[in-house]
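Those letters in the sequence shown? Residues 1 to 144, per full-length UniProt numbering, in order.
It should be emphasised that the hints constitute simulated quantities derived from the structure, not laboratory data. We treat Cβ as the ideally placed atom computed from N, Cα and C, and that holds for glycine.
Distance condition first, Cα-Cα at most 30 Å in a straight line; then the derived BS3-like pairs of lysine-lysine:
1. Lys80 <-> Lys64
2. Lys85 <-> Lys98
3. Lys80 <-> Lys68
4. Lys80 <-> Lys98
5. Lys80 <-> Lys21
6. Lys55 <-> Lys80
7. Lys98 <-> Lys21
8. Lys129 <-> Lys68
9. Lys106 <-> Lys80
10. Lys85 <-> Lys106
11. Lys55 <-> Lys65
12. Lys129 <-> Lys65
13. Lys21 <-> Lys55
The following label-pair restraints were derived from C-beta to C-beta distances:
14. Phe54 <-> Pro136: 31 to 41 Å
15. Phe54 <-> Leu138: 34 to 44 Å
16. Lys68 <-> Gly132: 17 to 27 Å
17. Ala57 <-> Gln87: 39 to 49 Å
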Amino acid sequence: IHCWGPMEGRRHDITMLRESKLADYMADHHDVFNGYIIYGDPAYGIQTFLVSGFKGARVSANEKKFNKMMSSVRESVEWKFGDLKTQFAFVDYKKSLKIRLSPVGKYVLVSMFLLNCHCCYYGGNQISKYFGLDPPSLDEYLTP
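Go ahead and model the full structure; you've got the sequences and the hints to work with.
Following this line, the structure appears as structure tokens:
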């Protein structure tokens, strides 16, 4: 599992992607990620494990269709953050947590881990259903 952050202040998504070294991590673990990709913002461009939508004024009908599908997939990522804020309201750092005054990154990491456990224990969530994937059992998830 690759977790990274937080990053103080406002940053462009591509800067955060670069700083996180996620692409390097995926390349180093290509045996795990082979056949999988991350859907990203058009600003990311196309990388080995990352696909983004088409941009520009001259986008074909098929490219527009692809962008629409990509947009709905990217929206599903936001569902996890919605779950996080619902289940662990204290993690809504804009309201209560401050970087350098609270261990924000640790709170988010532990909260996401517990949400993953919840998903495994209850046999899925909105995101797994959207992608038609069954999560591992809780035992499988917790076994190294």
